[in-house]
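Asks: This is what each chain is made of:
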Amino acid sequence: MDSKFTITLNGKEVEAIPGQTILDVARSHGVHIPALCNHKALIPRGSCRLCVVEEGGRVRASCTTPAERGMKIVTDSPRLRAAREVVLQLIFTGRNHYCMYCEVSGNCELQDLGYEFGMDHFTFPTYENRFPVDNSHEFILLDHNRCVLCGRCIRACADLAGHNVLTEKSRGYRTLIAADLDIPLGFSSCVSCGSCVQVCPTGAFIEKRSAYQGKKEQIKTVRMACDMCPVGCAVDVHGNPETNSVVKIHGDWDAPPTFGLMCRTGRYLSLFDGHTRLTNAKFRQDSKVLDIALEGALNLFAARMDQGTAYVDGSLYNEELARLKELFPGRLFSLHPVSPPLPSTARIKDLGEADLFVLFRLDLDREYGALGSLVKKRVRSGAARLVLVDGSPEVFEKLPAERLSSKAFLARLDMLEGAAAAVALYRDLGDKEKEALEKRESLRRIWLPGETNTVGLARYGIEHAPVKGDTVFLFGGNLRESDVGNPAFLVCFTPYENGVTKKAAVVVPTLKGFEKNGTLFNLEGELLTRAAVVTPPAPLADIAKLLSPTPEKR
Amino acid sequence: MKTVKIASTWCEGCSGCHMSFLDMDERLVELIGKGLELTATPITDLKIPPMGTDIGIIEGSVATDHHEEEVKELRKRCKLIVALGDCAVFGGIHTMRNYFTVEELLERGYVSTESTVNGTPPASPELGKLLPKVLAVNEVVKVDFYIPGCPPPADAIYHVLNELLEGRMPKLEGKLLHYD
Chain A
1 MDSKFTITLN
11 GKEVEAIPGQ
21 TILDVARSHG
31 VHIPALCNHK
41 ALIPRGSCRL
51 CVVEEGGRVR
61 ASCTTPAERG
71 MKIVTDSPRL
81 RAAREVVLQL
91 IFTGRNHYCM
101 YCEVSGNCEL
111 QDLGYEFGMD
121 HFTFPTYENR
131 FPVDNSHEFI
141 LLDHNRCVLC
151 GRCIRACADL
161 AGHNVLTEKS
171 RGYRTLIAAD
181 LDIPLGFSSC
191 VSCGSCVQVC
201 PTGAFIEKRS
211 AYQGKKEQIK
221 TVRMACDMCP
231 VGCAVDVHGN
241 PETNSVVKIH
251 GDWDAPPTFG
261 LMCRTGRYLS
271 LFDGHTRLTN
281 AKFRQDSKVL
291 DIALEGALNL
301 FAARMDQGTA
311 YVDGSLYNEE
321 LARLKELFPG
331 RLFSLHPVSP
341 PLPSTARIKD
351 LGEADLFVLF
361 RLDLDREYGA
371 LGSLVKKRVR
381 SGAARLVLVD
391 GSPEVFEKLP
401 AERLSSKAFL
411 ARLDMLEGAA
421 AAVALYRDLG
431 DKEKEALEKR
441 ESLRRIWLPG
451 ETNTVGLARY
461 GIEHAPVKGD
471 TVFLFGGNLR
481 ESDVGNPAFL
491 VCFTPYENGV
501 TKKAAVVVPT
511 LKGFEKNGTL
521 FNLEGELLTR
531 AAVVTPPAPL
541 ADIAKLLSPT
551 PEKR
Chain B
1 MKTVKIASTW
11 CEGCSGCHMS
21 FLDMDERLVE
31 LIGKGLELTA
41 TPITDLKIPP
51 MGTDIGIIEG
61 SVATDHHEEE
71 VKELRKRCKL
81 IVALGDCAVF
91 GGIHTMRNYF
101 TVEELLERGY
111 VSTESTVNGT
121 PPASPELGKL
131 LPKVLAVNEV
141 VKVDFYIPGC
151 PPPADAIYHV
161 LNELLEGRMP
171 KLEGKLLHYD
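Chains as they are written, first to last, in the working numbering: chain A, 1 to 554; chain B, 1 to 180.
Among the hints, a few may not be true.
[Claimed, not checked] Using 25 Å as the maximum straight-line C-alpha spacing, the simulated DSS-like pairs for lysine-lysine come out as follows:
| # | chain 1 | residue 1 | chain 2 | residue 2 |
| --- | --- | --- | --- | --- |
| 1 | A | K468 | A | K503 |
| 2 | B | K175 | A | K215 |
| 3 | B | K129 | B | K5 |
| 4 | A | K216 | B | K175 |
| 5 | B | K175 | A | K220 |
| 6 | B | K79 | B | K34 |
| 7 | A | K40 | A | K349 |
| 8 | B | K72 | B | K129 |
| 9 | A | K282 | A | K503 |
[Claimed, not checked] Footprint (simulated), chain A over chain B, 3 or more residues, beta carbon under 8 Å:
| # | stretch |
| --- | --- |
| 10 | 81-90 |
| 11 | 95-102 |
| 12 | 138-151 |
Hints in this document: simulated from the structure, not taken from any laboratory.
Only a predicted model underlies this, so the values are computations on that prediction, with no experimental measurement involved.
Glycine is no exception: its CB is placed at the ideal position from the N, C-alpha and C atoms.
Using the sequences and the hints, build the whole thing.
Replies: This is how it looks when you write it as structure tokens:
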């Protein structure tokens, strides 16, 4: 391909790079062209026709026309303005784009265009047709009346997230976004990654539980890493300081490891986890459970601290682990395994170039959703084969895959020979699997740890050990009843009520996700940061500063 | 000093736009000082403006035959018509009923509402008859100027009237132009 060339943009010679569209070139030189269906993370489709420019006497969509050497482009003229205004009027009047009671008013790309064009009334009859509203989904509401048929959701669902759930049905102005073979979204194969909502320029896709919780100007956005799994997607957390709540979470298009991709867990379950929050410290006396002051609970803990062993899970941040190491020198262990069966030899970005995936007992869509997207995209495009070892039948059920038992896989290792860039993904491996994988250097590996900061536990030298002893201190958000036996004296530091808190002699409520600052290591060993967005609902223990001298109370 | 006569009316609206008009506060006095004269408005409680009124301001959408008559009369009597607020400009929140027939609407509103017992739709001949669809003012008569917003900010109304009083054609931009 040619190297850089020049085109004429509004009478000025500017440089263009092969592969750029006219819109790309204009934007890279700071020339504004209005556009609606275009989105930087998506493949251009040219359906809205707002980005039209004049080229050689013709009016063409700049988002889908590649820039060519010597092109003479005009981006603004009375003719273009007239064309764009008609298009905008048609879009506004085709369905219900009355802003007043729309959730996204104030944060809508169509509304912004209306303002940009100074549109102060409709020139076509409007509200002529009524379209359905799909309210079947747990988190997402699809109001077809607000849809502009830009197709961003379809492109995000297929090209970006690899799920291929959304499509179009019917034709012309009656076209509707549909899920699978036209079934309600809530009953479709949607995995609730929420990419469609994030790219929707209008209020057609809205997040039900975030809706009307704060307008753009009330929202404070903080960029951080998701702490729901060890992938650590880069996210923008939208908080409303007035109501002290997190309104919604969007992926960051420009940041590794997953460049805007998210999953149900990160986008929705991190806000609506269904757990019962602990806000009071508790003390168990005989069979009675008493609510006690936080200070009292900490005193009880401090008095017995030197007599027992402490255990943590992988939900804690590095700062919390560091403090606990200080408090429990040589007596701090991990509840869950911290070391990989085999260390990783590939990075998350390598998934985008893999030609064979071998997945061991993983349900990526549910457990590591953003990685599921990366794998699905590759497999669906035909660029990679998929082998599922000991996978349950519903895993990736829409994908072509070889589904093998571990034994059958081990008997057919020769199938790996043809692959140039095979990647194995696993959390646990059997001894024979381990042996088989270890021998094959061409088969690269990504270990998916069980908990968010499992890698952090390893870095801080906190080893896995089963719970032992009469006096036990537990710290974490992922505590399971099966983790612990029946120690005589159990102190539990956790944000939620769970099976363990029912056994504990002392329960201390702690900060959780969006209430604490800190860092953690993702599965690649990258140091990720978290920032507090909301203040805790009650005085809670901050493990990172546990028993450290606190500033005087005001 | 040349006076500029204005009249206003509200059709299918909530009076919010007139509240916004009054929200100009002391600037209303300033405009009157510049020659603004209120004729028939809901504020002065006069019904019919004189022929040749300069500016007729309409709040609300056209939802009944009464409204239709009213805006046509105002159009006849005024040199310029200003559609004030989302209902007059776009049809507004009342257009929600455009997706139902008038019969369905009245049935739901007056008969099948959960809190209603033995209800019947009002049938007094005094009342306006609902049009099949709620219309923006410009679907019924020619409109010369639009001030969208629900309600439009007092600043926008002041800007438009002040520009017209000073003989310029107003333009709504930035914070003065909004749809919600």
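Asks: So, against the hints stated earlier in the document, which numbers end up violated here?
Replies: Violated hint (a single one): 3; every other hint is consistent with the structure.
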